[in-house]
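Engineer: Put together the whole structure using the sequences plus the hints.
Letter by letter, the chains look like this.
There are 2 protein chains.
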Amino acid sequence: MNNFIFQNPTKIIFGKNILPKLGEEVSKYGKNVLLVYGQNSIKQNGVYDAVIASLKTTNLNIIEFGGVKGNPILSHARLGIAKVRENDIDVILAVGGGSVIDECKAIAAGAVCDNDVWDFYIGKAAIKNALPIVTVLTLPATGSEMNGGSVLTNDETLEKFSMGGAFTYPKASFLDPEISYSISLKQTAYACSDIMSHLMEAYFTTTSKFLPIQSGYAEGVMKGVMSSMLVIMKEPKNYDARASFMWGATLGLNGIGGAGVPGAYFPSHALEHPISAVYDIAHGAGLSITTPAWLKFKKDEVKNRILLFGKNVLGVDTQSADVVIEKLEEFYTSIGTPIRMLEAGIDTPDIDLLSFHADKLFRLWGNTNYSMNDFNTIYNLAK
Amino acid sequence: MNNFIFQNPTKIIFGKNILPKLGEEVSKYGKNVLLVYGQNSIKQNGVYDAVIASLKTTNLNIIEFGGVKGNPILSHARLGIAKVRENDIDVILAVGGGSVIDECKAIAAGAVCDNDVWDFYIGKAAIKNALPIVTVLTLPATGSEMNGGSVLTNDETLEKFSMGGAFTYPKASFLDPEISYSISLKQTAYACSDIMSHLMEAYFTTTSKFLPIQSGYAEGVMKGVMSSMLVIMKEPKNYDARASFMWGATLGLNGIGGAGVPGAYFPSHALEHPISAVYDIAHGAGLSITTPAWLKFKKDEVKNRILLFGKNVLGVDTQSADVVIEKLEEFYTSIGTPIRMLEAGIDTPDIDLLSFHADKLFRLWGNTNYSMNDFNTIYNLAK
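Keeping their order, the protein sequence lines are chains H and Y. Quick note: the first sequence uses my numbering, first residue 12, plus one each step. Quick note: the second sequence uses my numbering, first residue 12, plus one each step.
Warning: the hint list may mix true and false statements.
Identical chains blur together in the list; that is why a pair holds if it fits in one copy or across any two.
Claimed, not checked - Only pairs whose alpha carbons sit at most 30 Å apart, straight line, appear in this in silico DSSO-like list of lysine-lysine: (1) 139 to 22; (2) 54 to 80; (3) 182 to 54; (4) 197 to 220; (5) 67 to 80; (6) 197 to 135; (7) 27 to 139; (8) 220 to 310; (9) 322 to 245; (10) 248 to 314; (11) 32 to 220; (12) 27 to 245; (13) 182 to 314.
For the record, the hints were derived by calculation from the structure and aren't laboratory data.
Structural biologist: The structure is reproduced here in structure tokens:
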């Protein structure tokens, strides 16, 4: 096991009917609130009204900032930073999924420094401070509600990069499973793929033989999320299934899964970011495409992990990595998330361009063991 | 799933050769340090010297307070509180296992209030503040290094009660698996029983049918700790096994396992505390006695959970709860922790006295569904 430091101070408020406590929680951090959201779904499903009602009980000044995109973009984050400065904002309230929360982290860190915020994403500057963030999670998937990470796309260069650190953990996150009732099965499937992938990244990339705690953790949360997904497909308003799915999403990327694991460097994500940055598909849809492709490419090297996953997560007792990968693809297909770019509507992918972006991202994330030829091979497996 | 609030801000510094960073971490919280430890084992295994060397690099004033007992007692905690007040202590450094850390929490909370510290344990007062605590874990078992809980025995009344809350979480905990190399196999077995029991309590007491995340988490950590124990028995200095065991102990009681689980009320612990308070046996040894007894008493009511545990943790596919309990007892026996009071040297237990104490503790912890007759039956199963 590797040495590690783990600290995750985010307060999770989880359950039914929790939004009335939101105003009190937000007001701990100041008076002027930037309320950030995405498109208009929160105005249709009642969440916006519940949020405003709760904020009003504590007389907070609300400045609204909507329009965050599904793959959040740098130019919009810069507008948010300007809005914070204009309005003397004390605290940022993210109401949305990972996209909204990730953009809020960019705004929170970017508003209190002299650098341009993109410097954090390209490794040119380190975050030294950030405004406090509170979140109301509407789409469980990315785990951003309980970690410091943020992914943003530079809409000029189409680079989809990430940053993180201790300053951008949300102070508090409100997780009400009932809010997730209205998420379509398609979007829930993409979320399922995203959550699984967060756990699979460390699970499959490690070269260590004895990591029973991290493996058991990942297997337990993956199995839990997958079984919840199957219940949700039959009963989209099953509370326990939505709650398990939501809590599983948070536990999927709150730092525990990868703590101490040698070799975790998120290859499926680094392969996916170029796809969703260039073709604007859902991140989870991209991950159910890149994960099997990466596994096929690495199947000899990480065979023992693939077989363990087969046995302990998929319940397939086999000595063939191919069989396990096929079963994983069957699961993805059964829940309705694509396993090839063609299925996601990308019929003529620009593999050289994708490889170019992947190469940059792998290097940025500290992995230099892949050649352009390797990326080419993997993206061809994902076509 | 039940509503819950989860927040665990403790910083974990995990791995080899981490003690040189201790001085810097402690000095964040002040100048005058109360260095608390147990008997003299840390002076024999080099930990004391390493701690002192690290503290000296940052010129901290060190006041020593040794002599914490394996089952820490109220009268000694009161001496520690006096010592804090006499020496204007800023921060408490616990170097030891759960006993030392638990007593430090009593000292940290008791030193900054007007109440007598025992008031916190009997529910007569709530903790509103505490001195900062840093820990160096020498015996992984109780999880106290990453939670707010504390168990203390009143040496006048022989009540072994607990308290907790947000103020007594350690600020930082240093977990170096190599420090645990010198723990005897017997003590490691008791620790294994303790860790398993922390996860089993919520796992077995829930009445909910669909809790795949919490169940998967508990199963993963339990399996990981059990398999680590088996490796340690063959190779006491296997780093990965000691590291997995240590990290599993922390994850076993850091609040995740029980979050959202309906019905978690720690019956095996409430049955055990009277035994170790009256007969001064190791807590883990007591738990491997009370857990099977409680399971036998409740085997019809929680049969589905026992069978799930059998299948997913012990690898026993059966429809008989008795078979699973027998297999669990076999595991305990195989690692060298007792399953009956007689094996722990208690040949004529005072079952009425134990039941009297258990009754008080069950009520204090919010469970009024057991009669004196029930306690009598369970302790007879544990004889």
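Engineer: All the hints need checking, so say for each whether the structure fits it.
Structural biologist: Here is what the structure says about each hint:
In the homo-oligomer, the alpha carbons of residue 139 and residue 22 lie at most 30 Å apart both inside one protomer (21 Å) and across protomers (18 Å), since each shortest distance falls under that limit. Taking identical chains as interchangeable, the C-alpha atoms of residue 54 and residue 80 lie at most 30 Å apart only when both belong to the same chain, with a minimum of 16 Å there against 59 Å between chains. Taking the closest pair of Cα atoms, residue 182 and residue 54 come within 30 Å of each other only inside a single copy of the chain (24 Å); across copies the shortest separation is 41 Å, beyond that limit. In this assembly of identical chains, the alpha carbons of residue 197 and residue 220 lie at most 30 Å apart only when taken from different copies (26 Å versus 36 Å within one copy).
In the homo-oligomer, the alpha carbons of residue 67 and residue 80 lie at most 30 Å apart inside one protomer (27 Å), although the nearest pairing across protomers, at 53 Å, exceeds that limit. Proximity of residue 197 to residue 135 under the C-alpha cut-off of 30 Å is found in neither arrangement, the shortest distances being 37 Å within a copy and 52 Å between copies. Only between protomers do residue 27 and residue 139 lie at most 30 Å apart by alpha-carbon distance; the minimum there is 28 Å, versus 36 Å within a single protomer. When the C-alpha separation of residue 220 and residue 310 is checked against a cutoff of 30 Å, the pair qualifies only within one copy, where the shortest distance is 16 Å, while the shortest distance between copies is 37 Å.
Taking identical chains as interchangeable, the C-alpha atoms of residue 322 and residue 245 lie at most 30 Å apart whether they share a chain (25 Å) or sit on different chains (26 Å). Proximity of residue 248 to residue 314 under the C-alpha cut-off of 30 Å is restricted to the inter-copy arrangement: shortest distance 28 Å between copies versus 38 Å within a copy. When the C-alpha separation of residue 32 and residue 220 is checked against a cutoff of 30 Å, the pair qualifies only between copies, where the shortest distance is 29 Å, while the shortest distance within a copy is 46 Å. For the homomeric pair residue 27 and residue 245, the shortest alpha-carbon distance inside one copy (21 Å) is at most 30 Å, but the shortest distance between copies (48 Å) is not.
For a Cα distance limit of 30 Å, the shortest separation of residue 182 from residue 314 qualifies neither inside one copy, at 40 Å, nor across copies, at 40 Å.
In this structure, the earlier hints numbered 6 and 13 are contradicted, and the remaining ones agree with it.
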